[in-house]
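4 protein chains.
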Amino acid sequence: MDGDTLREECGVFGILGHDDAAALTALGLHALQHRGQEAAGIVSFDGKRFSSERHLGLVGDHFTDAATLGRLPGNIAMGHVRYSTTGETVLRNVQPLFAELEVGGIAIAHNGNLTNGLSLRKRLIAQGAICQSTSDTEVVLHLIARSQRTRSADRFIDALGAIEGAYAMVAMTRTKLIGARDPNGIRPLVLGDLDGKPIFASESCALDIIGAKFVRDVENGEVIVCEIQKDGSISIDSFKPFKARPERVCLFEYVYFARPDSVVSGRSVYAARKSMGINLAKESPIEADVVVPVPDGGTPAALGYAQQSGIPFEYGIIRNHYVGRTFIEPTQSIRALGVKLKHSANRAVIEGKRVVLVDDSIVRGTTSLKIVQMIRDAGAKEVHIRVASPMIYHSDYYGIDTPDPDKLLANQYATLEDMCRYIGADSLEFLSIDGLYLAVGGEKRNPKAPQFTDHYFTGDYPTPLTDLEGRDKNDPKQISMLREAV
Amino acid sequence: MDGDTLREECGVFGILGHDDAAALTALGLHALQHRGQEAAGIVSFDGKRFSSERHLGLVGDHFTDAATLGRLPGNIAMGHVRYSTTGETVLRNVQPLFAELEVGGIAIAHNGNLTNGLSLRKRLIAQGAICQSTSDTEVVLHLIARSQRTRSADRFIDALGAIEGAYAMVAMTRTKLIGARDPNGIRPLVLGDLDGKPIFASESCALDIIGAKFVRDVENGEVIVCEIQKDGSISIDSFKPFKARPERVCLFEYVYFARPDSVVSGRSVYAARKSMGINLAKESPIEADVVVPVPDGGTPAALGYAQQSGIPFEYGIIRNHYVGRTFIEPTQSIRALGVKLKHSANRAVIEGKRVVLVDDSIVRGTTSLKIVQMIRDAGAKEVHIRVASPMIYHSDYYGIDTPDPDKLLANQYATLEDMCRYIGADSLEFLSIDGLYLAVGGEKRNPKAPQFTDHYFTGDYPTPLTDLEGRDKNDPKQISMLREAV
Amino acid sequence: MDGDTLREECGVFGILGHDDAAALTALGLHALQHRGQEAAGIVSFDGKRFSSERHLGLVGDHFTDAATLGRLPGNIAMGHVRYSTTGETVLRNVQPLFAELEVGGIAIAHNGNLTNGLSLRKRLIAQGAICQSTSDTEVVLHLIARSQRTRSADRFIDALGAIEGAYAMVAMTRTKLIGARDPNGIRPLVLGDLDGKPIFASESCALDIIGAKFVRDVENGEVIVCEIQKDGSISIDSFKPFKARPERVCLFEYVYFARPDSVVSGRSVYAARKSMGINLAKESPIEADVVVPVPDGGTPAALGYAQQSGIPFEYGIIRNHYVGRTFIEPTQSIRALGVKLKHSANRAVIEGKRVVLVDDSIVRGTTSLKIVQMIRDAGAKEVHIRVASPMIYHSDYYGIDTPDPDKLLANQYATLEDMCRYIGADSLEFLSIDGLYLAVGGEKRNPKAPQFTDHYFTGDYPTPLTDLEGRDKNDPKQISMLREAV
Amino acid sequence: MDGDTLREECGVFGILGHDDAAALTALGLHALQHRGQEAAGIVSFDGKRFSSERHLGLVGDHFTDAATLGRLPGNIAMGHVRYSTTGETVLRNVQPLFAELEVGGIAIAHNGNLTNGLSLRKRLIAQGAICQSTSDTEVVLHLIARSQRTRSADRFIDALGAIEGAYAMVAMTRTKLIGARDPNGIRPLVLGDLDGKPIFASESCALDIIGAKFVRDVENGEVIVCEIQKDGSISIDSFKPFKARPERVCLFEYVYFARPDSVVSGRSVYAARKSMGINLAKESPIEADVVVPVPDGGTPAALGYAQQSGIPFEYGIIRNHYVGRTFIEPTQSIRALGVKLKHSANRAVIEGKRVVLVDDSIVRGTTSLKIVQMIRDAGAKEVHIRVASPMIYHSDYYGIDTPDPDKLLANQYATLEDMCRYIGADSLEFLSIDGLYLAVGGEKRNPKAPQFTDHYFTGDYPTPLTDLEGRDKNDPKQISMLREAV
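Protein chains in written order, with the UniProt record's numbering: chain V, 1 to 486; chain B, 1 to 486; chain P, 1 to 486; chain F, 1 to 486.
None of these hints come from the bench; they were simulated from the model.
Model, not experiment: these values are computed from the prediction.
Among these hints, one or two may not hold up.
Which copy is meant is left open, so a pair is good if it fits within one copy or across any two.
Unchecked claim - Capping the alpha-carbon separation at 25 Å, the derived lysine-lysine pairs in BS3-like fashion look like this: (1) K213 to K381; (2) K381 to K370; (3) K240 to K282; (4) K282 to K230; (5) K381 to K240; (6) K282 to K213; (7) K342 to K213; (8) K48 to K122; (9) K213 to K370; (10) K243 to K448; (11) K230 to K48; (12) K407 to K370; (13) K381 to K122; (14) K448 to K48; (15) K240 to K213.
Isolated chain V, as found in the complex:
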């Protein structure tokens, strides 16, 4: 609510050759809903026309009735769920985006963020392109439209060659479904199979929901082109058109974003999170009576912490499942009562106890402060916070919405003691960067070639940040923007 979480921007899904393509895409997106709750869209192709439905809101609110799915005919479909960073959750920004090319239509959907999107946009406008959205995905669409290549797959690769940053992208044409991952593989993308029909999805949980098989991760820098042949068979070809770079998956996928039942780059997210809790218990033990997870993110790590430490695991905080996105904070006079809309303390397991609270991460610390107070109000004797990831110092530019760096807890207080005092806990400890690497990958961080991207902890960005250069000169506010509520 108050910016005290990181947010993933998007999830993508596509399937080729299945008669229920749009319905399966809706289910896949539903399983990816945790990656973006503000809007969803699906495009399908039925041999004659592309059809599209895009809506603000949840997949389950808009894509589940027969009427809507009936407007999305065809055996190729792809979709997108979105969390928007800017507050401009307007319909024309909702993906997939579509363009009618000379060679036929193409639709694309994108999870990630370009680090040279603004620079490219300016160049395209100077060349006469008309931008309808404020999304950098539209830049990719223009690059495709302007490519001099003949085949649409080649045009797509052409466009990818011009962009920098993070992307897991799915595209579809009249006969093809294409999946692509950026050269570092920052954002995840997997290839699945349902009765011989290929699927791309941001996470493996989107395969599980429809009973599809996990085939493999799309590799960093790989473009996979699936095409329906004239005889109805489906070809699957892999391309590596760009200069090879080391894979560096985003660590926050393991810490917070991905669903626990997903397997990202070959590692169970749930197992990784439990290991973070185990490593945290090894690094920062404490004498206590009960281990309590901060729901829901902290639960697997808390279980690991409890198992490693031998301290009993208990549900000391109950989450209210009915907190919608629309629940507005009450007035100041009511807030003063210490209202707990989202969580409440379970006094039965807290009263008189020394409590270890385990959370997945701390961003600004404002929520932690409230939770510590709530636990104390419920009668805890001591409250010790253990965080299953390192301190966050830096902004992300690859598709995660982060607060301004000066709002981050780690930048507001000079020492761990000061942070602990602000939050009101009896002790506060974070998992070390090596503890995190060990939990996820089994090895410590290799400083010369880090196995993951960890820039929010370390400032080590895996790509150039082109749009940030000479920022003052290129003030984005110089552009004549159109504001339109739709």
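Using the hints provided, position chains B, P and F relative to the given structure of chain V.
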């Protein structure tokens, strides 16, 4: 309802330099609502950003509350009301359309139709343009974006140089409001003035509603550029950048489209319609007891017919003002009852009478047939139809929605007698083409240089019909269309 | 908008024995829409259950699709259109109202107003009744529910015996459709016939729309009970259970409310209005160039005035058909421009002319003032107002919404000259009460036994005004009201 | 979805004397949202008028903005959340219900169900009462309105004396807030205190959310009347007007309905559930590798089972938090894929393991069957189901929605083995009735005077079931029902 009317596609309005620009635009569009009831949009500029609101429905339903107008700040605004020909009344087709150019933003709104829009669209797509709407107005926007000229007004003129057909167009940039009319002046556009602030509007009635003064018609082929200078003064410059052609205003503006209180090209629409009735009475007199207008279009002509003939004018047909666009025709079993949703006969003035029914025009004749039956059911002794315009034989390609030619009454029956028999009247007469020219312009039609465009009556089209050439080869269905309900 | 009109509160319609009962009721209500635009409802019975649909808004907005009509099965149906006087247009006030009685369900719909409704309501509450609406129609429902009679028709008559005021009421049970008119017949109600199926409707125009025959007026004080017999035949029985009183139809039905094509108590409304204009021209002639109606109410009277006086009739005021109820008045700064949302002057027939403006009635005069100014702004040399009804001095308590008496023009100024000066006209004349009686009934007013009710002109109320007695003691605000927006 | 859960019908909340009464009621209802998600309503009184807002949907969707709360002024407020059993989720059934009495208004809200509601309704209708809802709460309102007592609190007690069944009821008048619990105390109700202002709420968690203190449970058969005195102080009086009966709280509040952080009749719900798991492990041990809860209901019992058995507790099933009520099941062809909309298996902790699945209860068994299959598909070697409550054989008539008895798993199969085979598990065990009593109350069931009501397990109903007697004669379908979609 059943295609038995012609429909105007659009109305435009813009104002420069007034603090209430958006509210005045809403009022102007409200006065132009008869030119398009399906959607409306307004764009404004407040010195920093362009703002836009576009909605399906009436101006009065969406643009009258303080909240909406508050989202349209600034002292430049323009708007558009739309009737869509194709049934695709989707939001992305609603005007004004906007583009962010290298030199700043530009918005355009268009009344009319291009006769080479499809050809231009194909060429633009081949060059890498991405089209979001199915409106040919977007083609103009792309031409502006791709122009090599530096100043936005020059780019706009550049784009107009490439298009053919009918247009009354309004455009706005950060400092300018521009009005333009096609070389033949087929669609109307007037220049007004409110306390020194220039206004463009499709009809003079949009000036009257806000107490603005009528200055003059924008001339055929003229581009008028109004600009706020740095000192706050407003300059108004006229350009005639295209080869001179004779003015040929669309006669249907006088016959049916324009509001009776408007003055189009210097002629009162109401006076013209009364004269049509007078001339009709001279050309086709009949002995009768009562002159009854077919509301609302036929009323001024009926009054003229009554005054010329000396036969009393009476309201023999009462119109139900509550017929909304949403009233669905009832089921067949109910239709068989002869339900009159829109009109009802006023038996008190019809029973036992010889009735002259005066209508503005006949398109397919299906409505006339029902009205004659209704008048007979109410006890009329004789029913004579007098139509205040000639027979319609041809399609319009300049912004009027016409049925397929083979559906037109004039093409379905070989003789006036056959038409009369189909409709069930005792007699049927149409105004002659010269009678119409005399009523509107005071002179007969000059066959070598007709003073108006009258192609629906005569087949004499004032411009090339480029998109119709070789139609089979250029099947528009070859384009990969995107269907999206928004 | 600003209370400068009188408003009819309601229209009713019912049909018995027809398979399309609900659809025909929707059409009948559509024809009665001028009697109430704020809400509409239909109840039907299919042999097992009563079904009901009630909506805020127009009939054409809610009762025209197959889905809605499909939720209203059965061959008995009745409905209601409503204009609410109080601003409390909430759904639970929308009629028909329904009650489940021991003997089966009953639904009622009411046009009119009770003059002892509040007194009855208090007594019923004291007896333990629970009132859900603020409508006095619910009082009738409670009286029916508490009647000791066995048969529902007898219970209905029992209830009518307790109420005072004006009512045209339609009721339905599982087998009956009942129509009733108050002892004075203040509000109109007609009996119609469609292929042997009886219909009740507020006005004959609701019969015309579905091609039904007019049978006769329901008489004052008459209750007509139509019943489907076991053999499928329909019986129609007339009762006159109350003490006989003279018929006194409300004159405003002729002056303003009823549709011109309706026949009320045997008199054509259109013909009556034209006669009002003729009598007005005889009573108050003036030298002028043009007679202009104030649309739409003044049009037939203006035609009569023109025919009688020989002065040409012209459309000098054009009405904007797109003024919805939702069009909010613009801000003060814009209002200062003299915006004409509803009407505009047709300069072509006004400029330089001496204009006779004919209106149906004047309530507060605020609209007249604006229209005179508009006509003068359009260049009229003189403006003379002729009003086709007498001055209004008194409130109505029979179903017409009237402003507070001290807001009425006739009570604000002592002399006709002062009123004329306020309005800004060159002369102002009203039709005399005898002129009105002659136009409607053919005879002058009989002061001992007036043929109509004319209390708003004369203060001669046809019934006791029970609720007004001792008003201070019985302050309705002492009741614990529930305010609920639905 | 398919009736394989039991559903609580309602939750109630009220507060007296607080300036933020409506906002606090909204928060209290939000904490009680798990007791009813279909509709919510709040009534307030501001010294002059009662105000009401009632909406279909969640509290967080309708009662959180300043505008809505601003329409609920005053320092007395009460509210209700509802789950409807019949599918008739229409607005007029949404509580609180209100009546205007001779002595002033009264509003009531009810959690529970009457066992003589239909009998009372018939008698009331015979006496002339008009019923607007199909809710039996309206019956109570009529009894209050018809009581001969003078004071509204006495009338309320009068009405309670006539009803049988289960109720936790809150009522409010202009100065009072009243809480009442049926003679057996079947449904819970607590008294709280916020800075001296009394509160009634279904569960203590509604006190926690606003930081209010828990005072005590309202006792079975007790009526507590809180009243604002003239000097502003608040009196609280307790009445026991009915014949004393033993308290028998509904066991399902502990098994499933109440929130784990609530304390019901002095017992922590979370602790009771953990004890159920512990007792279950004692009664039905099994050799296995992992204990997996069926989320969310089975989680505390699973934790107890794991702690008692020493088998590791793991999240083997991941719940999708975005399953809304509106998510429609996909088509048959898609269902055949085994779609898991609500849950998915966490393969990382299941593959190759012997799994103990712990669930709170089994109703029809259809969900269990799917979950077992899902766990097997994820590679489990064995699947053992342990249910933390006894088998369900009988319908509830006290406010819990239960399937027809013949649909219950326990009635469909003769033996535990058959049930186990149907579900597809390797073993299946239920907690014994004594095991449940021990977990909740610390003692075995006393067959002569059971400490709780457990009729769904035992058939031992704590009250007469009046409406069921002679059911055929009193066919509810003989009543003329009104069906209305609002």
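Check the structure against each numbered hint from earlier and tell me which ones fail, lowest number first.
Numbers 3, 4, 5, 6, 13 and 14 - these are the hints that the structure violates, sorted from lowest upward.
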